[in-house]
Structures are given as structure tokens and as C-alpha cells.
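Peer 1: Here is how the chains run, residue by residue.
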Amino acid sequence: MAEPRFDELIHPSTRLSIVALLAAADWVDFGFVRDRLGLSDSALSKQFATLEEAGYVVTERLLVNRRHRVRVRLTGTGRRAFGGHVAALQEIVATADQTVAP
Amino acid sequence: MAQSIGANDARSALTTVEYSRQQVIAEIDLPRWYWLGLAAGWFGMGVVTDFGPGWLVISIVPVFGAVHASVAHRVLSGRKRSSQLSVRAELAGTHIPALVIGFLIALVGVTIAIALIVNADGANHPAAIAGAFAAVIVALGGPQLMAAVRRRALRRAGP
Numbered sequence: 000m001a002e003p004r005f006d007e008l009i010h011p012s013t014r015l016s017i018v019a020l021l022a023a024a025d026w027v028d029f030g031f032v033r034d035r036l037g038l039s040d041s042a043l044s045k046q047f048a049t050l051e052e053a054g055y056v057v058t059e060r061l062l063v064n065r066r067h068r069v070r071v072r073l074t075g076t077g078r079r080a081f082g083g084h085v086a087a088l089q090e091i092v093a094t095a096d097q098t099v100a101p
Numbered sequence: 000m001a002q003s004i005g006a007n008d009a010r011s012a013l014t015t016v017e018y019s020r021q022q023v024i025a026e027i028d029l030p031r032w033y034w035l036g037l038a039a040g041w042f043g044m045g046v047v048t049d050f051g052p053g054w055l056v057i058s059i060v061p062v063f064g065a066v067h068a069s070v071a072h073r074v075l076s077g078r079k080r081s082s083q084l085s086v087r088a089e090l091a092g093t094h095i096p097a098l099v100i101g102f103l104i105a106l107v108g109v110t111i112a113i114a115l116i117v118n119a120d121g122a123n124h125p126a127a128i129a130g131a132f133a134a135v136i137v138a139l140g141g142p143q144l145m146a147a148v149r150r151r152a153l154r155r156a157g158p
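Here the protein sequences line up with chains U and W, keeping their order. Note that the first sequence ends on residue 101 in numbering that gives the first Met the number 0; no numbers are left out. Note that the second sequence ends on residue 158 in numbering that gives the first Met the number 0; no numbers are left out.
Don't read these hints as lab results, they were simulated from the structure. There could be a bad hint or two in this list.
[To be verified] Covered by chain U, according to a simulated footprint, are these stretches of chain W (three or more residues, beta-carbon under 8 angstroms):
| no. | stretch |
| --- | --- |
| 1 | 57-64 |
| 2 | 72-84 |
| 3 | 98-105 |
[What the hints assert, rightly or not] Reference excerpt, derived from the structure (chain W facing chain U, CB under 7 angstroms, subset only):
| no. | residue |
| --- | --- |
| 4 | Thr14 |
| 5 | Arg87 |
| 6 | Leu90 |
| 7 | Ile113 |
For every residue, glycine included, the Cβ atom is placed at its ideal position computed from N, Cα and C.
Work out the full structure: start from the sequences and follow the hints.
Peer 2: In C-alpha cells:
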């Protein structure tokens, strides 16, 4: 269980969806993320650029079956940040539930 | 900082995380061509056993096994159905290759049993008939087996 640590960079809904997809995989093709989230290439590139700048993801350009593919994966830093963020969210919910409970 | 959002926002964010994870779990599978190729090979072995020359009957099983082994090691993990992503091992589990191999071993027994029963009944081409039956089980049962694996992965991942 990661130490709870709310991460403002990850939290916005689109970025959270992207990081959660990447966290469940070793690597993901750019097109897979784009199609699942219904984003344009440019919008997704912008999100990846922000995450890459923070050191949370790395992108690799590969030639697969004579086609250029972009693969994205979460770094160790990104994985720890995501784990901490999820733990922080769970902590918020747990605290609220304890407050409500008699 | 953690207190800057409310419980409802946190719940909503956790739902988003869970939905994303489910989308990746939905990708746990073997390629469709693997099951179809296996079914075709199984039927082919039955046909060769009934109609082929002796040398081919003797060599078809080891050749089939060798071809399967060369292909299987790349796909049997169930983590790379397509070239679009590789599911993390802890999410897919490490049991899928053993499960598929177990399924195939059981199918060998079923094929032999059907061939013996059909032969005892006096049919002319017991191996081809048994091979066809097994091929249908592979083509339909294989994807069902992987669907069960995905359901299990979803339960393990939990809400």
C-alpha cells in the first residue's frame, strides 16, 4: 500500500484516466489511449507532454510492421505518484465514511 | 492538500481509476487467430490420421507440437492480445499459460475418447470426426475460457 499523497498533476479527470490506464499496463499504444478516452491526437499529446515533463511517463517511437507507433509507459516515479494519489483518495473517502458513521 | 477535495470528488476519481483498470482488464485475451489456427490444426490432424500416408500420420503430431510451441510462447501469457498494449502481469495473473495448456491436454483426452467411441460405433473416419468435434470446442471454448479469466481478474481487482 502506497503512502497517501494527493497529486494535483494527476488528479484532473482526463489525466487521471490516462495515468490509470498506463498503471494497469506495462506499455500502451498512443492510439489505444486516444480511442478509449475519445481525445484528439493534439489534446492527448499535450497531456502526455505535461506528464513527461513531470517525469511520470516516457514515450517511445517505434517502427512496428513498417508502421510508426508511439508507445507510452509509466515511469517508476509516475507509478509511485499514482499509487500515492489513489491511497490519498481512498483516505479521503474512508475519513468521510467514519465521520458519517454513528 | 488532500483535504482540498471532498469525499464525493474522491469517490468519483476512484470510479474513474476503476473504469480505466477495467478497460485494460478487458484486453486480457489470446489473439483470435490463435484459437482458429489451433482448431484448424486439430481438425487437420484428424483428417491426416484417417486419410494420410503412414509417414505423415507419424510426423503430424510432433510437427503440430513444434509449430504450437513456437507460436504459444509469444501469446500464451494473455497479456498481448494485440500490439496496442501489454497488460501488467499482476493484473492478468501468471496462471493463464498453465490454464490454456491444461485445457489443451484435457482436449487431447476428449479427442481420443470421441475417436474410440465413434470407431466402436463403426464409423469410417473416427479421427476426422473426433478432430472436427475438438476443433469446435477449441474455437468456441477457448474464447470462453479467456472470458472467465477476465471475470476472475475483475473480481480480484475489486472496486
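Peer 1: None of the hints should be skipped; say for each whether it holds.
Peer 2: Results for each hint:
With a cut-off of 8 angstroms between beta carbons, the stretch 57-64 of chain W has 0 residues touching chain U; three or more are needed, and the interface restraint is violated. By the rule of at least three residues with a Cβ nearer than 8 angstroms to a Cβ of chain U, the coverage given for the stretch 72-84 of chain W holds, with 4 such residues. Residues of the stretch 98-105 of chain W lying with their CB closer than 8 angstroms to a CB of chain U number 0, which falls below the three-residue condition for coverage. Using the Cβ-Cβ criterion of 7 angstroms, the hint placing W:Thr14 at the interface with chain U is not satisfied: the shortest such distance is roughly 10 angstroms.
The restraint placing W:Arg87 at the interface with chain U holds, with a minimum CB-CB distance near 6 angstroms, inside the 7 angstroms limit. Nearest Cβ of chain U to the Cβ of W:Leu90: about 6 angstroms, under the 7 angstroms cut. The hint holds. With its C-beta approaching chain U no nearer than about 40 angstroms, W:Ile113 sits outside the 7 angstroms limit, and its interface hint is violated.
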